[in-house]
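Visitor: Listed here are the chains, written in short residue letters.
2 protein chains.
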Amino acid sequence: MSYAAPIKDMLFVLEELADMATIANLPGFEDAGIDTAQAVLEESARFCGEVLAPLNVEGDRNPSTWKDGAVTASPGFAQAFRQFVEGGWQGVQHPTEYEGQGLPKLIATPCIEMLNASNLSFALCPLLTDGAIEALLTAGSETQKQLYVPKLISGEWTGTMNLTEPQAGSDLALVRTRAEPQGDGTYRLFGTKIFITWGEHDMAGNIVHLVLARTPNAPEGVKGISLFIVPKFLVNEDGTLGERNDVHCVSIEHKLGIKASPTAVLQFGDHGGATGYLIGEENHGLEYMFIMMNAARFAVGLQGVAVADRAYQKAVAYAKERVQSRPVDGSAKQAVAIIHHPDVRRMLARMRALTEGARALAYVAAAHSDIAHHSADERARAEHQAIYEYLVPIVKGWSTEMSLEVTSLGVQVHGGMGFIEETGAAQYYRDARILPIYEGTTAIQANDLVGRKTLRDGGAVAQGLLREIDATLAALKAHDDATFRAIATHLEAGRQALAGVVDFVVKQAKVNPNAVFAGSVPYLELAGLVLSGWQMARAALVAHAKRDEDRAFYGAKIATAQFYAVHLLPHAVALQTSIVSGASAEGAINLDAEQF
Amino acid sequence: MSYAAPIKDMLFVLEELADMATIANLPGFEDAGIDTAQAVLEESARFCGEVLAPLNVEGDRNPSTWKDGAVTASPGFAQAFRQFVEGGWQGVQHPTEYEGQGLPKLIATPCIEMLNASNLSFALCPLLTDGAIEALLTAGSETQKQLYVPKLISGEWTGTMNLTEPQAGSDLALVRTRAEPQGDGTYRLFGTKIFITWGEHDMAGNIVHLVLARTPNAPEGVKGISLFIVPKFLVNEDGTLGERNDVHCVSIEHKLGIKASPTAVLQFGDHGGATGYLIGEENHGLEYMFIMMNAARFAVGLQGVAVADRAYQKAVAYAKERVQSRPVDGSAKQAVAIIHHPDVRRMLARMRALTEGARALAYVAAAHSDIAHHSADERARAEHQAIYEYLVPIVKGWSTEMSLEVTSLGVQVHGGMGFIEETGAAQYYRDARILPIYEGTTAIQANDLVGRKTLRDGGAVAQGLLREIDATLAALKAHDDATFRAIATHLEAGRQALAGVVDFVVKQAKVNPNAVFAGSVPYLELAGLVLSGWQMARAALVAHAKRDEDRAFYGAKIATAQFYAVHLLPHAVALQTSIVSGASAEGAINLDAEQF
Numbered sequence: 001m002s003y004a005a006p007i008k009d010m011l012f013v014l015e016e017l018a019d020m021a022t023i024a025n026l027p028g029f030e031d032a033g034i035d036t037a038q039a040v041l042e043e044s045a046r047f048c049g050e051v052l053a054p055l056n057v058e059g060d061r062n063p064s065t066w067k068d069g070a071v072t073a074s075p076g077f078a079q080a081f082r083q084f085v086e087g088g089w090q091g092v093q094h095p096t097e098y099e100g101q102g103l104p105k106l107i108a109t110p111c112i113e114m115l116n117a118s119n120l121s122f123a124l125c126p127l128l129t130d131g132a133i134e135a136l137l138t139a140g141s142e143t144q145k146q147l148y149v150p151k152l153i154s155g156e157w158t159g160t161m162n163l164t165e166p167q168a169g170s171d172l173a174l175v176r177t178r179a180e181p182q183g184d185g186t187y188r189l190f191g192t193k194i195f196i197t198w199g200e201h202d203m204a205g206n207i208v209h210l211v212l213a214r215t216p217n218a219p220e221g222v223k224g225i226s227l228f229i230v231p232k233f234l235v236n237e238d239g240t241l242g243e244r245n246d247v248h249c250v251s252i253e254h255k256l257g258i259k260a261s262p263t264a265v266l267q268f269g270d271h272g273g274a275t276g277y278l279i280g281e282e283n284h285g286l287e288y289m290f291i292m293m294n295a296a297r298f299a300v301g302l303q304g305v306a307v308a309d310r311a312y313q314k315a316v317a318y319a320k321e322r323v324q325s326r327p328v329d330g331s332a333k334q335a336v337a338i339i340h341h342p343d344v345r346r347m348l349a350r351m352r353a354l355t356e357g358a359r360a361l362a363y364v365a366a367a368h369s370d371i372a373h374h375s376a377d378e379r380a381r382a383e384h385q386a387i388y389e390y391l392v393p394i395v396k397g398w399s400t401e402m403s404l405e406v407t408s409l410g411v412q413v414h415g416g417m418g419f420i421e422e423t424g425a426a427q428y429y430r431d432a433r434i435l436p437i438y439e440g441t442t443a444i445q446a447n448d449l450v451g452r453k454t455l456r457d458g459g460a461v462a463q464g465l466l467r468e469i470d471a472t473l474a475a476l477k478a479h480d481d482a483t484f485r486a487i488a489t490h491l492e493a494g495r496q497a498l499a500g501v502v503d504f505v506v507k508q509a510k511v512n513p514n515a516v517f518a519g520s521v522p523y524l525e526l527a528g529l530v531l532s533g534w535q536m537a538r539a540a541l542v543a544h545a546k547r548d549e550d551r552a553f554y555g556a557k558i559a560t561a562q563f564y565a566v567h568l569l570p571h572a573v574a575l576q577t578s579i580v581s582g583a584s585a586e587g588a589i590n591l592d593a594e595q596f
Numbered sequence: 001m002s003y004a005a006p007i008k009d010m011l012f013v014l015e016e017l018a019d020m021a022t023i024a025n026l027p028g029f030e031d032a033g034i035d036t037a038q039a040v041l042e043e044s045a046r047f048c049g050e051v052l053a054p055l056n057v058e059g060d061r062n063p064s065t066w067k068d069g070a071v072t073a074s075p076g077f078a079q080a081f082r083q084f085v086e087g088g089w090q091g092v093q094h095p096t097e098y099e100g101q102g103l104p105k106l107i108a109t110p111c112i113e114m115l116n117a118s119n120l121s122f123a124l125c126p127l128l129t130d131g132a133i134e135a136l137l138t139a140g141s142e143t144q145k146q147l148y149v150p151k152l153i154s155g156e157w158t159g160t161m162n163l164t165e166p167q168a169g170s171d172l173a174l175v176r177t178r179a180e181p182q183g184d185g186t187y188r189l190f191g192t193k194i195f196i197t198w199g200e201h202d203m204a205g206n207i208v209h210l211v212l213a214r215t216p217n218a219p220e221g222v223k224g225i226s227l228f229i230v231p232k233f234l235v236n237e238d239g240t241l242g243e244r245n246d247v248h249c250v251s252i253e254h255k256l257g258i259k260a261s262p263t264a265v266l267q268f269g270d271h272g273g274a275t276g277y278l279i280g281e282e283n284h285g286l287e288y289m290f291i292m293m294n295a296a297r298f299a300v301g302l303q304g305v306a307v308a309d310r311a312y313q314k315a316v317a318y319a320k321e322r323v324q325s326r327p328v329d330g331s332a333k334q335a336v337a338i339i340h341h342p343d344v345r346r347m348l349a350r351m352r353a354l355t356e357g358a359r360a361l362a363y364v365a366a367a368h369s370d371i372a373h374h375s376a377d378e379r380a381r382a383e384h385q386a387i388y389e390y391l392v393p394i395v396k397g398w399s400t401e402m403s404l405e406v407t408s409l410g411v412q413v414h415g416g417m418g419f420i421e422e423t424g425a426a427q428y429y430r431d432a433r434i435l436p437i438y439e440g441t442t443a444i445q446a447n448d449l450v451g452r453k454t455l456r457d458g459g460a461v462a463q464g465l466l467r468e469i470d471a472t473l474a475a476l477k478a479h480d481d482a483t484f485r486a487i488a489t490h491l492e493a494g495r496q497a498l499a500g501v502v503d504f505v506v507k508q509a510k511v512n513p514n515a516v517f518a519g520s521v522p523y524l525e526l527a528g529l530v531l532s533g534w535q536m537a538r539a540a541l542v543a544h545a546k547r548d549e550d551r552a553f554y555g556a557k558i559a560t561a562q563f564y565a566v567h568l569l570p571h572a573v574a575l576q577t578s579i580v581s582g583a584s585a586e587g588a589i590n591l592d593a594e595q596f
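Residue numbers (full-length UniProt numbering), protein chains in the order written: chain S, 1 to 596; chain Z, 1 to 596.
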């Protein structure tokens, strides 16, 4: 099997780090304990490993194709999508009242990781449908919910996000697509949207486009953007399909990776106007789109974890099989499998530590989201929502940036074979490269982290997390053991660095915005590095307590946490130095535009 | 123009950092001063920019093709190669007695950078020919030199390196290709070689393969390997071409990048044996091949600098043109070119600092090579040869690894457009990925750095370099200026980190080989980071002295050195921490093969 979901690792994170037991105690999740999680994960692993993973290479070699406005998915994809729909996989985390399974996000999260690890291109289609469902559930009218959501949850229809235009990428203030009211409550849309993932395809009966556009006389900038439902086929009141809407795919892109996933240019209104239905109120579109974007950003973070894990699995398999050179310590006279060479071990340990750390942080974030949505206690809901929102840009930015390094190391472990496309390691390297770009580049995530997530509350949520790290540090220091002392030392240094930077951001943002924003991506990187390292330390504490139950498994947890602490965390201090000095003349980037 | 060679920057490095004046004083280089350098660089820049750069995309879209054993180069390549030959570009650094131009390596080096920046795939063909020339000049008989070298220098023929076999990659001890003596002084070769760059093509009249093989009863391992000349067409005594030799290209690879460069599988002796001529003595093949490899390794390091610079140029052009979002400091009411946004500036500054630092280190290494080969003083020759040899694995490993980051940032600066192949940024990301793999992976370079270059002399050469850094530090500290204080502080911390690691390597290699070799790539990274940072600091000192002559140019040199010091050098301490702690239980990688 080309992908075996790491179920045991995932369940460890669910149970020991993300506190599955608390989630299962929330109202509505009474049946969602660790046994349910295990059953769901095993079934998901089987489907992803057997059905989707083998199609991954196929889709890379035979990208989706465009002809006369129609897009045909890669061979096997439509059939696999039918199996996905039949399995009810789209509905895992969505409410039962709209025919979803109503499971916690914490259980859906490993399923989504598996989906993406097995086939990033395929998984993008449900990923965007999830976003559309969340946006409709939050901002749609009751009629809109009844008409669209059950069909999206079943997988009969799929959803898309239409934001980007040629002149409006990161800057949505520049959106120009027009929406003209028709007097009957509907609108007609005119414009061009680009980079629309799964914007056209033949895997589902309808495509529900959620589209940002401007109504006549709307204010300039982001405060004049509204959100519309523009279905590919109009939907009759009884839910049956009506006529073809005036939205057409005029081309798809030729991309570096995720080639099976069609990236569409959509033309709205070339034949009289695309019929659109306003979601919520006019001029509040961006607000609603942010619901969808936050869901999608978290999921893209999982894509980073997923492709990193797949690359890791492949590299380990190769390293165990490829025989080359004698050991440097003279322990064998013959060439050995390269997994015994120190630098290969270093690369694999690095891949593993980065992947496990990012996974743990993402799953913990999912648990905060569950509490935020389901706790009976209003204050707890608000607190956990704030933590979740702080973590989303970090999960997105950190997990995707680290996936670039991990997939690159995956190629390196394969040596010359890694550069040959047939080997397959290169596909992960190509596929991963979009992750720090779409759904908001890392810089956009970092702006969000600085602006909405740190400055707005004066660093309160960040300081709350730092206090939690202190509790972990106290537990680490209770161990009289060199390994735990090393973990504590480096985690503490990382914690201090993060604290220093949060303080810097809060104090300097107004006086010195250019310095703070030049340090925003390094701040995000620092936060990802330290918060993931914290999760690894927590894992080590649990593993130590349980070590006699399964020495190989828990021993590996401790060793990976230790590697993370000693080999990755020391860079936290360097990041702090570089960020904080940005506010001084000698730390600033003293190059004019013309000097570049 | 898609590539404009940075002539002014290159001349700055030649003159101010690599001490062109000293090189021009060496016997035989009397005409090779800065004026000659400038004239050669300008002519090279014209040829590379006008002829080779436009073919780069063309070669990516239309890779070289194989049919019935024949390989056709990408469209336009054969004609461009004729122009390359007519321009005498193959001969720049080779001796006049074999019809080369006899210029210093220091002048050839920027020319080779330009060649690679304009077209990495194309440049690989001359790169390997250079290696074949060096090997023949050092180890070939006078007859062999007369027969092959002038035709290789003119570019009439090209050269290849045949090392790798399916079971023998990094581990050449496993080479199996057989060479059977025929009694007439010739041999017949039988075997399969893979990953042979430009191993077959239609751009030149003959291809001179240098091939590693075993003679009957040769000792096992690397001490039983001999080196042979196996020309594609046998060569008559008068230099005319004879019959086709029994070496055939059975396929070429489908690769992630450098697609125009054919990577051949060569079959030797399927039709009775490929005629080969022994170079030097039997069983000394690896020694001779190392001559070729060292030349090629240095040149691959330049490839890293080259592709990084090309990616930087493209990213800067896009950032100046793409308008998106208002400035964070409120300095404009409208969206501005993205080069004005702090994070874009950070990415571009990082790309620039990494590229300039690696370039300076490589050029300085080239100057050491010139002194090593041309000084009248035997002791100077030996000293500079030792420094050059210490620097080669660093130039190779560091420049190529940093090119991965720089080309990745190049994609990121382009946002979504970076992921679309037509944009062109993705090609550099794909092309660069081979650089840390071929001609010895980064781990192989790091083993060389630890074993032959640090342990063998007890760290003496490294300590000599550290003393030179001290001299630079003294000069920096003479400036009463915050910028220079910052550069001094971070360079000094980096210098201490490097000193600590050299000491660690020397003391621990015997007692704790696994720890030292697990830290070997980080040691190489640390050496590259600090030694390049040292060159940047030297550049800042010169720029400060000359600042009134050209404020924009010298100001940018100081700003780039400062960025390097504040944003890159602080990671030196983290690398030291991780390397040095590897020797303790809590720093080791405590995972068994089965635990990965």
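Because the hints were derived from the structure by calculation, they are not lab data.
Any given hint might turn out to be false.
Any copy, or any two copies together, can satisfy a pair, since identical chains are not distinguished.
Taking lysine-lysine pairs in the PhoX-like style, the calculated list, with each CA pair at most 20 Å apart, reads [as the list claims (entries may be wrong)]:
#: 1; residue 1: K145; residue 2: K507
#: 2; residue 1: K510; residue 2: K333
#: 3; residue 1: K477; residue 2: K145
#: 4; residue 1: K223; residue 2: K333
#: 5; residue 1: K8; residue 2: K507
#: 6; residue 1: K145; residue 2: K67
Visitor: Take the hints in turn and mark each one as holding or not.
Guide: For each hint, the structure was consulted:
In the homo-oligomer, the alpha carbons of K145 and K507 never lie at most 20 Å apart, since the shortest distance is 44 Å inside one protomer and 70 Å across protomers. With identical chains, the CA atoms of K510 and K333 are at most 20 Å apart between copies only, with a shortest distance of 17 Å across copies and 64 Å within one. Taking identical chains as interchangeable, the C-alpha atoms of K477 and K145 are never at most 20 Å apart, the minima being 52 Å within one chain and 69 Å between chains. When the C-alpha separation of K223 and K333 is checked against a cutoff of 20 Å, the pair qualifies only between copies, where the shortest distance is 15 Å, while the shortest distance within a copy is 71 Å.
In the homo-oligomer, the alpha carbons of K8 and K507 never lie at most 20 Å apart, since the shortest distance is 44 Å inside one protomer and 41 Å across protomers. Taking CA atoms no more than 20 Å apart as the test, K145 paired with K67 passes in neither setting, with 33 Å inside one copy and 59 Å between copies.
In summary, the structure is inconsistent with hints 1, 3, 5 and 6 from the numbered list given earlier, while agreeing with the others.
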